[in-house]
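Place chains Z, D and H on chain S using the hints.
Protein chains: 4
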Amino acid sequence: MTMPGYVDEKASIQRRLRRIEGQVRGLRGMVDDNRYCIDVLDQIAATTRALQAVALALVTEHLSHCVAHAIAEGGAEAEAKISEASAAIARLVRS
Amino acid sequence: MTMPGYVDEKASIQRRLRRIEGQVRGLRGMVDDNRYCIDVLDQIAATTRALQAVALALVTEHLSHCVAHAIAEGGAEAEAKISEASAAIARLVRS
Amino acid sequence: MTMPGYVDEKASIQRRLRRIEGQVRGLRGMVDDNRYCIDVLDQIAATTRALQAVALALVTEHLSHCVAHAIAEGGAEAEAKISEASAAIARLVRS
Amino acid sequence: MTMPGYVDEKASIQRRLRRIEGQVRGLRGMVDDNRYCIDVLDQIAATTRALQAVALALVTEHLSHCVAHAIAEGGAEAEAKISEASAAIARLVRS
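Protein chains in written order, with the numbering used here: chain S, 162 to 256; chain Z, 162 to 256; chain D, 162 to 256; chain H, 162 to 256.
Check each hint, because a few of them may be wrong.
Identical chains share a label here; the pair holds if one copy fits it or two copies do between them.
As the list claims (entries may be wrong) - Here are the simulated SDA-like cross-link-like pairs (lysine to any residue), alpha carbons at most 20 Å apart as the crow flies:
{"hint": "1", "residue 1": "171", "residue 2": "196"}
{"hint": "2", "residue 1": "171", "residue 2": "225"}
{"hint": "3", "residue 1": "171", "residue 2": "218"}
{"hint": "4", "residue 1": "171", "residue 2": "235"}
{"hint": "5", "residue 1": "171", "residue 2": "193"}
{"hint": "6", "residue 1": "171", "residue 2": "203"}
{"hint": "7", "residue 1": "171", "residue 2": "206"}
{"hint": "8", "residue 1": "171", "residue 2": "230"}
{"hint": "9", "residue 1": "171", "residue 2": "186"}
{"hint": "10", "residue 1": "171", "residue 2": "199"}
Simulated from the structure, these hints should not be mistaken for laboratory data.
The structure presented is a predicted model; accordingly, all values stated were derived computationally and were not measured.
Bound-form chain S, shown alone (with noise of 0.2 Å):
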């Protein structure tokens, strides 16, 4: 089976997201509360900065293994990668 890219930094990106599970947790609370919204609105904000880093770190390692074995290999299979990486780089910026 390939490995994916991310594979080396695996127990980093867990930990990284069982923390913004909690943050989104940490949201329903605020709102069950009745927490101000600028409160609200703020922690989303930080939430969705948290979720971007391990986007950021994905791409990272996306690009250091998958796209460069594949460049190192050549060929075609070395053109859809990073084809794929810079769809995939392209939807980030606009989400």
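Same frame as chain S, now just chains Z, D and H:
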């Protein structure tokens, strides 16, 4: 006790946050299963968009209730609420 | 004729837009000179941030004047202005 | 002299930057004419999206040429190029 601007939309906001919490849990499962980097990235982008949609719903409720109420009252409080909302929108745009 | 919300800030907004126009012209010069991709990218990011800052200034002026005025008048127009502003903020967050 | 990754796309990038410069000039005209805040805001969002599209085109060319070339050569330079590209993508996502 003052109610937050989103009080009438609480059920819908909680439903959306619960779904987002499920999306983050799903992300942890994808990483556990060594799913392909690009698939994880796209799921993060979807989760980010869902969080932004909740933030935008909160902005609308905040303007419609908290800010509108302060403006109807007038005076320094109105100005303070508009400054505060503008600053929160800025943090959202930059997040 | 109705004046837009930013009328008191026109000189400052024009000054910022002129500077942004200069930044875009500078980008064309960088590309002409075959400047390194990363340097061009960073200059694009700076230009994007400058445009967003103008947009956020316009949102503040729009809330402080056009929306505040409609709310002070009350009625359906107030609600319409808040919906319109919320939709514009959503387009900004997503751009 | 080393050519940047976008060298084959220079004409198309210059055409897009010229169009963006025209959009910014158009924004100045809208503000001069006291055009409605929301119309100016939407035109800023369109200009921001156009700038981001150029940035994404540059990222693709940079990965396809500069980064791919460094990886094909291998060694420390390959790693350095990937780190540098990842950092630039991060600045883009956050701008």
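Could you tell me which of the numbered hints above are not met by this structure, giving the numbers in increasing order? Failing hint: just 4.
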